[in-house]
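Asker: What follows is the residue order along each chain.
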Amino acid sequence: MAKYLLIESRDPLESRDSGNWYDLARDLKAAGNEVTVFLVHNGVLAARKGARCADFARLLRSEVEVLADDFSLRERGIGGDRVVGGVEPAPLDVVVDRLAEGCRAMWH
Amino acid sequence: MAAKKTLTFALMDPPYENGRSTTALRLIAIAAKRGYAINVFAYEGAVALAFAKQQPHANAVHGRDLEQENHPLTHKWAKALIDEAHRNGGKVDWINCGLCVDERGVHEAVDGVRRGSPADFWQAAEASDNTLVIPTR
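As given, the protein sequences belong to chains V and F, one line each in that order.
Note that my numbering has the first sequence beginning at 1, numbered continuously upward.
Note that my numbering has the second sequence beginning at 109, numbered continuously upward.
Bear in mind the hints are in silico, worked out from the structure with no lab data behind them.
Among the hints, a few may not be true.
If you want the ones that stay clear, here's a sample from chain F, every Cβ over 12 Å from chain V, calculated [to be verified]:
| no. | residue |
| --- | --- |
| 1 | Pro164 |
| 2 | Ala166 |
| 3 | Ala168 |
| 4 | Leu181 |
| 5 | His183 |
| 6 | Gly206 |
| 7 | Gly213 |
| 8 | Glu216 |
| 9 | Asp219 |
| 10 | Gly220 |
| 11 | Arg223 |
| 12 | Gly224 |
Beta-carbon label-pair distances, calculated as ranges [claimed, not checked]:
| no. | chain 1 | residue 1 | chain 2 | residue 2 | range |
| --- | --- | --- | --- | --- | --- |
| 13 | V | Asp97 | F | Lys184 | 26 to 34 Å |
| 14 | F | Asp191 | V | Arg104 | 28 to 36 Å |
| 15 | V | Asp23 | F | Asn167 | 41 to 49 Å |
| 16 | F | Gly213 | V | Leu13 | 32 to 40 Å |
| 17 | V | Arg74 | F | His179 | 16 to 24 Å |
The beta carbon of each residue, even a glycine, is placed where N, CA and C say it ideally should be.
Between the sequences and the hints, there should be enough to build the whole structure, so can you do that?
Answerer: Structure, rendered in structure tokens:
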């Protein structure tokens, strides 16, 4: 079992590729890997309560860990109470932690 | 005490255009505070991040003078990261892609930045605990 860190910097309403990225995370998880999706920049917009994105909702129904950069959330005025369930705000340090642990990290 | 890690980051975006550059520098700052050995391979427009001739400017549109504008300069951030790593027992080996530098004429880099090639990136990645490539769109 490998550990993967998939960093998503794009808003799914701006980039259709985001759906493929979420699907990749789900597929890696289904294959028995430990997978985290870390949202950063406009990637955090998908994590707003009320945001309508079927691809992201499907990701949240999987067992993939989904984290959102707390700085990116603050930059966009998204308080913790406006973050959808299943997404945990987290500091960017988590990315460095995972890199140091040897996670396979990819940026989109 | 756990052994200090070696991380390599490949950056491609130029300064002042999007958040990827800022986030890349934030990641490097976290690693620098931990005293990690850090390799930075700046490619394409990212070679301008450490360009020493960047100048601050006033902002006439907003009526701010030079001091009030306090314009950020990424070459100062790059130097600060190099110094921060050193203070914490780590290091930053910042490599600017030489051909990318030549194309853009940004030869004057801050101290601690050297000229290299994609082969240096490969060697850095090979010698690292992990590598993160932050691609441009």
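Asker: Next, verify each hint and record whether it holds.
Answerer: Hints, verified against the model:
no.: 1; hint: Pro164; verdict: holds, 23 Å
no.: 2; hint: Ala166; verdict: holds, 25 Å
no.: 3; hint: Ala168; verdict: holds, 26 Å
no.: 4; hint: Leu181; verdict: holds, 21 Å
no.: 5; hint: His183; verdict: holds, 22 Å
no.: 6; hint: Gly206; verdict: holds, 24 Å
no.: 7; hint: Gly213; verdict: holds, 28 Å
no.: 8; hint: Glu216; verdict: holds, 29 Å
no.: 9; hint: Asp219; verdict: holds, 25 Å
no.: 10; hint: Gly220; verdict: holds, 20 Å
no.: 11; hint: Arg223; verdict: holds, 25 Å
no.: 12; hint: Gly224; verdict: holds, 21 Å
no.: 13; hint: V:Asp97 x F:Lys184: 26 to 34 Å; verdict: holds, 27 Å
no.: 14; hint: F:Asp191 x V:Arg104: 28 to 36 Å; verdict: holds, 31 Å
no.: 15; hint: V:Asp23 x F:Asn167: 41 to 49 Å; verdict: holds, 44 Å
no.: 16; hint: F:Gly213 x V:Leu13: 32 to 40 Å; verdict: holds, 38 Å
no.: 17; hint: V:Arg74 x F:His179: 16 to 24 Å; verdict: holds, 23 Å
Of the hints listed earlier, there is not a single one the structure fails to meet.
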